[in-house]
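Trainee: Sequence:
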Amino acid sequence: MPAASPGIYQALGLYLESTLVLPELMSVDSVAITGSEPLVEIVEADHQQWPTLEASPHSTPTLQLAPQEWRLELEGIGWFRATGAERLEWERWDDSVSDRDIRTFVVTSGLGALAIQRGALVLHGTALERDGEAILLLGHPAAGKSTLAWCLLQDGWRLLSSELVVVSPDGLVLPGMHQLKLWHDAAVALELNWAQLPPVRKGLKRYALLAEDLTCVPQATPLRLIYGLNRVKEDSGQEDGAEVEDAKEKMSLKASHNFSQTTSLMRLRNNAFQARVYRGMDAEAKLFMQAAALARTVPVHALIVPDGVKAMAESLKKVDLMQPESMQQRIENKEEAASND
Numbered sequence: 001m002p003a004a005s006p007g008i009y010q011a012l013g014l015y016l017e018s019t020l021v022l023p024e025l026m027s028v029d030s031v032a033i034t035g036s037e038p039l040v041e042i043v044e045a046d047h048q049q050w051p052t053l054e055a056s057p058h059s060t061p062t063l064q065l066a067p068q069e070w071r072l073e074l075e076g077i078g079w080f081r082a083t084g085a086e087r088l089e090w091e092r093w094d095d096s097v098s099d100r101d102i103r104t105f106v107v108t109s110g111l112g113a114l115a116i117q118r119g120a121l122v123l124h125g126t127a128l129e130r131d132g133e134a135i136l137l138l139g140h141p142a143a144g145k146s147t148l149a150w151c152l153l154q155d156g157w158r159l160l161s162s163e164l165v166v167v168s169p170d171g172l173v174l175p176g177m178h179q180l181k182l183w184h185d186a187a188v189a190l191e192l193n194w195a196q197l198p199p200v201r202k203g204l205k206r207y208a209l210l211a212e213d214l215t216c217v218p219q220a221t222p223l224r225l226i227y228g229l230n231r232v233k234e235d236s237g238q239e240d241g242a243e244v245e246d247a248k249e250k251m252s253l254k255a256s257h258n259f260s261q262t263t264s265l266m267r268l269r270n271n272a273f274q275a276r277v278y279r280g281m282d283a284e285a286k287l288f289m290q291a292a293a294l295a296r297t298v299p300v301h302a303l304i305v306p307d308g309v310k311a312m313a314e315s316l317k318k319v320d321l322m323q324p325e326s327m328q329q330r331i332e333n334k335e336e337a338a339s340n341d
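In our numbering, the protein residues as written are 1 to 341.
What the hints contain is simulated information worked out from the structure, not anything from laboratory work.
Possibly wrong hints are sitting among the right ones.
Restraint ranges, calculated between C-beta atoms of paired labels, are given here [said to hold, decoys possible]:
(1) P218 - D170: 30 to 38 Å
(2) M266 - P57: 18 to 26 Å
(3) G76 - D46: 31 to 39 Å
Each computed DSSO-like pair below joins lysine-lysine, with the alpha-carbon atoms no more than 30 Å apart [unchecked claim]:
(4) K205 - K310
(5) K317 - K205
(6) K310 - K202
The beta-carbon is built from N, C-alpha and C at its ideal position, and this holds for glycine as well.
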């Protein structure tokens, strides 16, 4: 694959024109987008020239928010501003800050803010495709989304988007960031040559796998299922000191029955990409409506994941994530046995 160059990119339903190389995103031929939506500009700027902002009460000392306005200041990294869903500006803290450090925030928080300003439903998760359908993995930053995604990619799945996922009103997952980030311990457990992988940014033992190392999907894909990830140790149904059968259960992937619409709505809302940003940009009401619509149309399940990279990888060989009922059988059998005692 040829090296990326500054130009035009596509992600989360946006076309972006950037002076910064963005290898995490799909590059696009400018001829192919003639007559489509206007380009979002990603440019270097001087933060001291930004106008005074009447910030929302949801703002913090480092994150300033208002309707259609998002500003982030990170000591040692730089300043970032997304405005009107039309422009994303950035400035380095000093000359020691690399393009890689800037990109880390441009293609995550910055891009997420732009998509919210555009009116999109932006969730914190990873989406994968198989046979023309998508699943969405939701969960907090240490839930194992990227590790599970890497394991699925080895089994024929393809990456739609990581970290940020946009679902359109008609239930399509839009292609987004084609990158996975793995912590050092996960990279070692997966037997990856972590020393050859670029760090996500300076001072962080987390490594990036870019599109050239992955199998990715370039087109929007219908969303079939949503999983909220829980690690075994987080699941209240798993007790310490369990017997052998319970130990085997802890090595298995298990799915709950699909949640009620109310529970699904809460799960989706709680996994919005930076809920504070939605509130601060006066977009929370729209988030609620979008999440409610998605909860009515796409099943949401809890996915109990083994606590251990190798156990996670091994457990995937025994189940089909497109068929959550295949992961409910053990639970149902156990419940039936208990009821017969």
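Trainee: Indicate, hint by hint, whether the structure satisfies it.
Mentor: For each hint, the structure was consulted:
1. P218 - D170: 30 to 38 Å: Given range 30 to 38 Å: violated, Cβ gap about 18 Å.
2. M266 - P57: 18 to 26 Å: holds, 24 Å
3. G76 - D46: 31 to 39 Å: Because 18 Å falls outside the window, the suggested range is violated.
4. K205 - K310: holds, 20 Å
5. K317 - K205: holds, 29 Å
6. K310 - K202: holds, 28 Å
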